[in-house]
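Peer 1: We have chain A already, so just place chain B on it with the hints.
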Amino acid sequence: MWVMTDDSTGPPAPDVAGVLAGVLRGDDVAWRDLVRLYGRRVFALAKSRCRDDELAEEITQSVFVTVASTIQRGGYAEQGKFESWLFRIAMNRLRDEMRRRSRQAEPTDPSTMVVTDTHAPDAASNETDPEVSLLRRSISELGDADREVVELRHHAQMSFKTIAEHLGQPLGTVLARHHRALRKLKELIENARVDSAREIEGGES
Amino acid sequence: MSDNALNNPSNTPEDLRATEARLERLGHMERASVRPGFEDRLVAATAGHLKGLEADAPVVLATIRPSRARVFRLAASIAVVGAGVIGSVWLAGRGTTPVNPPQELAANDSIETDLASVNSELASLMTEGENSVAVSDEFSALESELAALETELSDFGWDEFDGLLEESL
Numbered sequence: 001m002w003v004m005t006d007d008s009t010g011p012p013a014p015d016v017a018g019v020l021a022g023v024l025r026g027d028d029v030a031w032r033d034l035v036r037l038y039g040r041r042v043f044a045l046a047k048s049r050c051r052d053d054e055l056a057e058e059i060t061q062s063v064f065v066t067v068a069s070t071i072q073r074g075g076y077a078e079q080g081k082f083e084s085w086l087f088r089i090a091m092n093r094l095r096d097e098m099r100r101r102s103r104q105a106e107p108t109d110p111s112t113m114v115v116t117d118t119h120a121p122d123a124a125s126n127e128t129d130p131e132v133s134l135l136r137r138s139i140s141e142l143g144d145a146d147r148e149v150v151e152l153r154h155h156a157q158m159s160f161k162t163i164a165e166h167l168g169q170p171l172g173t174v175l176a177r178h179h180r181a182l183r184k185l186k187e188l189i190e191n192a193r194v195d196s197a198r199e200i201e202g203g204e205s
Numbered sequence: 001m002s003d004n005a006l007n008n009p010s011n012t013p014e015d016l017r018a019t020e021a022r023l024e025r026l027g028h029m030e031r032a033s034v035r036p037g038f039e040d041r042l043v044a045a046t047a048g049h050l051k052g053l054e055a056d057a058p059v060v061l062a063t064i065r066p067s068r069a070r071v072f073r074l075a076a077s078i079a080v081v082g083a084g085v086i087g088s089v090w091l092a093g094r095g096t097t098p099v100n101p102p103q104e105l106a107a108n109d110s111i112e113t114d115l116a117s118v119n120s121e122l123a124s125l126m127t128e129g130e131n132s133v134a135v136s137d138e139f140s141a142l143e144s145e146l147a148a149l150e151t152e153l154s155d156f157g158w159d160e161f162d163g164l165l166e167e168s169l
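Top to bottom, those sequences are chains A and B.
Quick note on my numbering: the first sequence kicks off at 1 and runs consecutively.
Quick note on my numbering: the second sequence kicks off at 1 and runs consecutively.
Isolated chain B (complex conformation):
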């Protein structure tokens, strides 16, 4: 089927021809509704461009200025996000226990624990010693032996020392 035949309204189904005819009338009406002098104005406004006599429309650099509400929304968003980040960082720094505590602190803790246990043992021993007669007698005996040894040492005179020295020579 040729292009002309295709464009022939008689090829339209019969029940749609009235609608097509209405559209044709409307299209014709629109084309005829131009204001007087339409073609003359159009030629006058465009012919120069064909010869390059008229520059293309200047480039307009548009600046998008946000509305006040938008600025407020943006500022509020920045404030909320900023506060959240700062708060998170602060809480993280405050609440966390170091995984590996300094060695000095660990040693101090250990010494303090040892000292506390020694002190408690000493206290209990002293208490036991003071209250026990047997231990007191033992102490007395030990003191006597100590005194005897001291006497023997004082009796060991320089003469015996000299004799031993000569023998060794």
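With the rest of the complex left out, here is chain A:
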């Protein structure tokens, strides 16, 4: 059974339950379908945090290696929560990587410090659209819990119900957190625009 993804660019995707049944039997075709179903979603979640295409792909690969190895060892029992399990692996892997990078990034010599222009386009993704850049920057200013809900919902395309399962929180809490995050993002974007307009006015006068 095949269903359409919400990404209109992609081909029809196979049914999750059928794919998982095939994967648990060790079926290569089913594994390929699983990668098509979830690969980009894991990638988008990783890229949202690390802002690096290559690293995001490495993290995605590492997540799928863990999934395949665990299934091969019989460590996964299908209970209808595969998506929650997959993205838990992804978030843990992502947090580990971000911690490792933050430790490596600590400068020991002041002369090696580089001043980062937070208003500059995202160099790693060649981002030139100021609106996209502003939205990314605003997401990074959210608290960890709010940011996680936003990324799981809009980058990983998880339903609110699955996010609630994933986080182990009531559905109402997840919905409230999502609304709060949207409101905070709206404020951040509006404030940034006001600041930008003032800078322009200041420069002209």
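Just to be clear, a hint being listed does not mean it is correct.
Unchecked claim - Per label pair, the in silico range of CB-to-CB distance: (1) B/Gly48 with A/Arg137: 38 to 48 Å; (2) A/Asp27 with B/Glu14: 39 to 49 Å; (3) B/Pro13 with A/Asp195: 20 to 30 Å.
Claimed, not checked - As a list, the in silico DSBU-like pairs of lysine-lysine whose alpha-carbon atoms are at most 35 Å apart: (4) A/Lys81 with A/Lys186; (5) B/Lys51 with A/Lys161; (6) B/Lys51 with A/Lys81.
Derived from the structure by calculation, the hints contain no laboratory data.
Owing to the predicted nature of the structure, the values given are computational and were not obtained by experimental measurement.
For glycine and all other residues, C-beta sits at the position ideal for the given N, C-alpha and C.
Peer 2: Chain B in isolation, oriented as in the chain A frame:
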């Protein structure tokens, strides 16, 4: 409310819909930004693990090598603490008076004190004796009596002794 209804953007408050739509576009853009051949590479790198054909990544035994500055800090800390401990032990051994001194030392001190007091008394007595006429006369009288007793003893002859012996027998 069903899960689908919950996920419907129309359930979002109107003033937040534009922000949500931006996030949806961003998410879509990120998912579409994979490099060409992404899924093929991913399948090629992971499919073997599903069949157990590829071993898990080898365990890396990492050795944490401390930096030079850290070694110096550690050495300095050990030196300071060590010097403190040695100094404390040395001072403790040097400055403390034994609570219970040896008995020999206590006895010696006592004898020395007694001797000193006797000597001083003797000296004062001798001085007094030499300077006192009365004491000198007394000495002379005592000497005379001593001489008389000696004479009486010498007069007490063997005959009287023999007589006393016979009486006792």
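Peer 1: Compare the structure with each hint and give your call.
Peer 2: Right, here's what the structure says about each hint:
The hinted range of 38 to 48 Å is satisfied by B/Gly48 and A/Arg137, whose Cβ atoms lie roughly 40 Å apart. Checked against the given bound of 39 to 49 Å, the beta carbons of A/Asp27 and B/Glu14, roughly 46 Å apart, stay inside it. Checked against the hint of 20 to 30 Å, the C-beta distance between B/Pro13 and A/Asp195 comes to roughly 25 Å, which is consistent with it. Between A/Lys81 and A/Lys186 the alpha-carbon distance is near 32 Å, which keeps this suggested pair within the 35 Å criterion.
With a C-alpha separation of about 32 Å, the suggested pair B/Lys51 and A/Lys161 falls inside the 35 Å cut-off, and the hint holds. Proximity of B/Lys51 to A/Lys81 is assessed by CA-CA distance (about 22 Å); at most 35 Å being required, the pair is judged to hold.
Going down the numbered hints, you'll see the structure goes against none, and every one checks out.
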